[in-house]
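Below are the chains, spelled out letter by letter.
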Amino acid sequence: MSQSVLARNPSVLVFLAILGLFTLGVTLMSEWAGSEVVSTSFVKTLGKTLCLALVAVAMDLVWGYAGILSLGHFAFFGLGGYMIGMWLMYERTHGIVVSSLAEAPIPPTEAEIVGAIGNQIFGVVGSREFPAIWAFADSLALQLLFVVLVPGLLALAFGWLAFRSRVTGVYLSILTQAMTLALALYLFQNDSGLRGNNGLSGLQNLPGLDHVPQSSVSIWFFWASAGALALGYALSAWIVSGKFGSVIRGIRDNESRVRFLGYPVEAYKLFVFTVTAMIAGIAGALYYPQAGIINPAEIAPIASIYLAVWVAIGGRGRLYGAVIGAAFVSLVSSWFTGGQAPDVNLGFYTIKWVDWWLVLLGLSFVAVTLLAPKGIGGLVDLWTGRQAPDRHGADLGPDAGSLREAEAER
Amino acid sequence: MKPIILAVHVLIVSTVATLAETGPIQAILQEHGDLIVKSSRKTIGPAIEAVATSGLPEAQSVLQAWQVKSIWMRKSDGLFFLGERIDSRTYRLIDFDTGGTVGEFPKRELKNIKPNSGIRALIGTALVQFQLLDPDPDRRREALDAIERSPDASLLAPLRNSIEGESDAGVRARKMRIERLLTIAHGTGVDERVAAIEEMSTDLGVDVRATLNPLTRTEVKAFAGEIPDGLNVARRLSPGSDDLPREEAYALLVATGLAPATVGRDAVREALIANLQDDAAGGVQAGELGADEARMRAYGVLARAGAVPPLVTEAEIDAALDAHVFAAVYAEASPAVAAAAESALARIANRVGLSQGADLALDALSLASIYFLAAIGLAITFGVMGVINMAHGEFIMMGAYTGYVVQQFVPHHTVSILVAAPLAFAVTFGAGVAMERLVIRWLYNRPLETLLATFGISIALQQLAKNIFGTQARPLTSPGWLDGAWVINDVISISHIRIAIFVLALVFLGIFLFIMHRTRLGLETRAVTQNRRMAAAMGINPDRVNMLTFGLGSGIAGIAGVAIGLYAKVTSDLGADYIVQSFMTVVVGGVGNIWGTLLGATGIGFLQKGIEWFNPSNTLAAQTYMIIFIIVVFIQLRPQGLIALKGRAAGN
Chain A
1320 MSQSVLARNP
1330 SVLVFLAILG
1340 LFTLGVTLMS
1350 EWAGSEVVST
1360 SFVKTLGKTL
1370 CLALVAVAMD
1380 LVWGYAGILS
1390 LGHFAFFGLG
1400 GYMIGMWLMY
1410 ERTHGIVVSS
1420 LAEAPIPPTE
1430 AEIVGAIGNQ
1440 IFGVVGSREF
1450 PAIWAFADSL
1460 ALQLLFVVLV
1470 PGLLALAFGW
1480 LAFRSRVTGV
1490 YLSILTQAMT
1500 LALALYLFQN
1510 DSGLRGNNGL
1520 SGLQNLPGLD
1530 HVPQSSVSIW
1540 FFWASAGALA
1550 LGYALSAWIV
1560 SGKFGSVIRG
1570 IRDNESRVRF
1580 LGYPVEAYKL
1590 FVFTVTAMIA
1600 GIAGALYYPQ
1610 AGIINPAEIA
1620 PIASIYLAVW
1630 VAIGGRGRLY
1640 GAVIGAAFVS
1650 LVSSWFTGGQ
1660 APDVNLGFYT
1670 IKWVDWWLVL
1680 LGLSFVAVTL
1690 LAPKGIGGLV
1700 DLWTGRQAPD
1710 RHGADLGPDA
1720 GSLREAEAER
Chain B
9 MKPIILAVHV
19 LIVSTVATLA
29 ETGPIQAILQ
39 EHGDLIVKSS
49 RKTIGPAIEA
59 VATSGLPEAQ
69 SVLQAWQVKS
79 IWMRKSDGLF
89 FLGERIDSRT
99 YRLIDFDTGG
109 TVGEFPKREL
119 KNIKPNSGIR
129 ALIGTALVQF
139 QLLDPDPDRR
149 REALDAIERS
159 PDASLLAPLR
169 NSIEGESDAG
179 VRARKMRIER
189 LLTIAHGTGV
199 DERVAAIEEM
209 STDLGVDVRA
219 TLNPLTRTEV
229 KAFAGEIPDG
239 LNVARRLSPG
249 SDDLPREEAY
259 ALLVATGLAP
269 ATVGRDAVRE
279 ALIANLQDDA
289 AGGVQAGELG
299 ADEARMRAYG
309 VLARAGAVPP
319 LVTEAEIDAA
329 LDAHVFAAVY
339 AEASPAVAAA
349 AESALARIAN
359 RVGLSQGADL
369 ALDALSLASI
379 YFLAAIGLAI
389 TFGVMGVINM
399 AHGEFIMMGA
409 YTGYVVQQFV
419 PHHTVSILVA
429 APLAFAVTFG
439 AGVAMERLVI
449 RWLYNRPLET
459 LLATFGISIA
469 LQQLAKNIFG
479 TQARPLTSPG
489 WLDGAWVIND
499 VISISHIRIA
509 IFVLALVFLG
519 IFLFIMHRTR
529 LGLETRAVTQ
539 NRRMAAAMGI
549 NPDRVNMLTF
559 GLGSGIAGIA
569 GVAIGLYAKV
579 TSDLGADYIV
589 QSFMTVVVGG
599 VGNIWGTLLG
609 ATGIGFLQKG
619 IEWFNPSNTL
629 AAQTYMIIFI
639 IVVFIQLRPQ
649 GLIALKGRAA
659 GN
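Line by line, the protein sequences give chains A and B.
Start counting the first sequence at 1320; every next residue gets the next number (this note's numbering).
Start counting the second sequence at 9; every next residue gets the next number (this note's numbering).
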């Protein structure tokens, strides 16, 4: 046990090396470096994909390792985006308001500036007063803290209530889905204080950096996303590698036995749930400045289900699987829905992928669940020579719910 | 003979027209000829009144012709006739008094009387009294509609006169009711109006409240010294109380010119900008004016110099408020009428409140039956079999689209619904069986993966429906006998389609209970659910039973889809809108128990309507709070659902 985490998890080093090379390659080929190979908008797409990969790692931690199918992690992702979006929007509007008021014959007072910002931001929802939740919007440090704190506290409160009452399995999934739905519906209201269904916009412009071209801003965010993914991946690998990881895998496979062995199951689950919510918040805070806009539709329950889809397709229970799944599905998805995929002419009917992509995704998802429970990540096993034991298709444990042979690793 | 000859002479002199053609209505028209030709809304009144009150049988036809712009004046003698168009240049003139044709005239010899819309409205009001006595009851009803649209004091007398001879009982009742309302608003005596108010104080109609409300409307007024006599004072107000905040009281004084206006921050800023000289105002440099304190100092200097109005201090505001008396004054002059209206409104409000409660309960019941309908299929697949089917909503959608497709081929609505219901069952039964065979049977031990796989099917089906039927909503038209509503009184009403859905929900409950407890399939289903191996040992084929049970649950979802499609628009999102609520219904009620599902649906329906009642303008908030409430109740109080299974049936 004296070996370091990295020595016990060679895949972490491989992953970090690949990520580093990828980041370097994209940087050199970007417009920032004077090359034309990778456009600024594609750098943004890649940066966003890295953020999605980070939230997928969080999802894998909570579902693939701890067995909690949370349908609420994209809500935490969105909350992180809202927290950073509040500061971006406030500061940028502040700059605009100050420069426009500076043309008046006498300088404005503080109250006048704040009033004008409020009018600018909340005019679309027929209000001009700052709601209480914007009290700290002028402080970058506090809003960055909230990026972690707000999703974390929400997850802590919800998880504490739910795990304490021993709500597990499918019931927990439905409850997390209901929580996400409630949050989205709440944010859709105009008087929620976050501009209703208009959401927060103009987030791609960094306050005070108007002179910096978007090609530079996009590459900065790309680096930040890559760095966050590297850190999040390493953190997750560290969490699941030691004794703690063994316990949460035990909870996934048979919760009651772990409890009978004397482990405080609820505390373990609560920890994983909260930490992954925080990671999701950070990923969201990096994602939405690159996307430029956030609105409540982003955190509808369907988004969280897609997150589970990515992890399942990539291969749950292994962290690189989540990254592969998120990157693969979101990039392929944008390729198909962006109209770049060639239409298939069947003679009597032409398949337009813009219309048929979701059908294909849904069916391939069913196929992955049924035929390849290990997902894309399972391909790595062929290469590393990991073989499942041949027990002729039986379950690996005495219970019907235990791992089946096809899912076992060694 | 002599007086007659004299009169003939006078007439010849005064009208120039030939005597024989001038009947009594023509005489009236001639008397107001100038006004009629001038056609001004301000002056036309006497002319219309003269015709309307002439008592002549032709008055109505004259007014009608006037209203539709078919009165023509012959330029040669100034007489008025009804004009009929023969061609674009020639008109046939008809005499109003005799009804006989006078002759055909070229258009250039005639002048058309064209009343503007204001005058036509006045004519319309004048016509009402004729319509009230019209032999056709429909015309009389139209006249009453016109009175309801624009109640006018002048209509009261003709309305009263028309009640006596009314033969149609329905129209008579309406006339009497409108007469009461007109009396309340425009009656002459206080006693008469109070009596009418008392009489109508048990009526829940919106029009009664609309008539009474203006009588109780008050306006806050400020008086220097004592309140003058002759005003109908509702109550005195003291500034600074909840009824009259200090700022409002002072703003009232300012608005009535009894006190100088306060100078707000914006006004200070404007004044400073206006008095900016050499980059300084009031001796303060412009650069320093970014703080409130500096601005006040500069403004004080300017005010002392007389350049700007002085600031109003708090003490001055208090003094001004002390010097005046505030009172809420009724717009209605008579205290007795105002008091009667107040008490009548209070009584009506009580009754309306009770009725609204009943109406809300009916609404909640109908919402509950919709939720129950959406969830009952799920109660079988999820509640009994334990399969999480996220595509359940899409089965509902498939049923609704089946109904839509059937209506494209079967135009008769009643028949099409009767065809659609079994067809929808067949379609979704088939889809359910196929899904069970192909996907779900491989995942019975892994509920989380069932959830995700069925979700994949759900998005595929939704997109498929979009590709086939497009994104716009498709109509599923209900039969004529389901249109309309059951109206109990002015507040309580429920549409027939909601009653039908309620009945359908009860029928489905009955079918479910019958199948589960009285048929072989139900027995086998329960056996397989409780102990699959034991059931297999007893000769039951569990695969077949699971397949049929799943098909049954899906088929019921299809029929529910037809019913929900009648009530809501058919879109590809139809199912997704109900899926979360359906799962909550089953889970909250307690899995595996149909009575729990019923209780869950009722609870959620009443809860949602109840929360909506607190905040009717914001249904989003209502749904949010309902979901949070359910989450908290569920995980805190009854994690096993409202009706939890006990003993062996509870399983693990």
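Just so you know, not all the hints are guaranteed correct.
Some chain B residues close to chain A (C-beta under 10 Å, calculated; not the full set) [stated by the list, open to error]:
#1 Asp105
#2 Ile505
#3 Gly547
#4 Val595
Derived, one-sided and incomplete: chain A residues facing chain B with beta-carbon distance under 8 Å [what the hints assert, rightly or not]:
#5 Ser1354
#6 Ser1358
#7 Pro1424
#8 Pro1427
#9 Ser1446
#10 Tyr1490
#11 Leu1500
#12 Val1628
#13 Ala1631
#14 Asp1674
#15 Leu1682
#16 Phe1684
Don't read these hints as lab results, they were simulated from the structure.
Every residue, glycine too, gets a C-beta built ideally from N, C-alpha and C.
Hint by hint, here is what the structure shows:
1. Asp105: With Cβ-Cβ at 63 Å, over 10 Å, it is violated.
2. Ile505: At about 26 Å, which exceeds the 10 Å cut-off, the nearest Cβ of chain A leaves the hint on Ile505/B violated.
3. Gly547: Because about 22 Å separates Gly547/B from the closest Cβ in chain A, which is outside the 10 Å limit, the hint is violated.
4. Val595: Val595/B check passes; min Cβ-Cβ to chain A is 6 Å, inside 10 Å.
5. Ser1354: 38 Å, violated
6. Ser1358: 30 Å, violated
7. Pro1424: The hint holds - Pro1424/A has a Cβ within 8 Å of chain B, the shortest such distance being about 5 Å.
8. Pro1427: 6 Å, holds
9. Ser1446: Nearest chain B Cβ about 15 Å off; hint violated.
10. Tyr1490: 6 Å, holds
11. Leu1500: 6 Å, holds
12. Val1628: 7 Å, holds
13. Ala1631: 6 Å, holds
14. Asp1674: 5 Å, holds
15. Leu1682: Given a least distance of 5 Å, the restraint on Leu1682/A holds.
16. Phe1684: With a closest approach of 3 Å, the Phe1684/A hint holds.
When the structure is compared with the earlier hints, violations turn up for hints 1, 2, 3, 5, 6, 9 and for no others.
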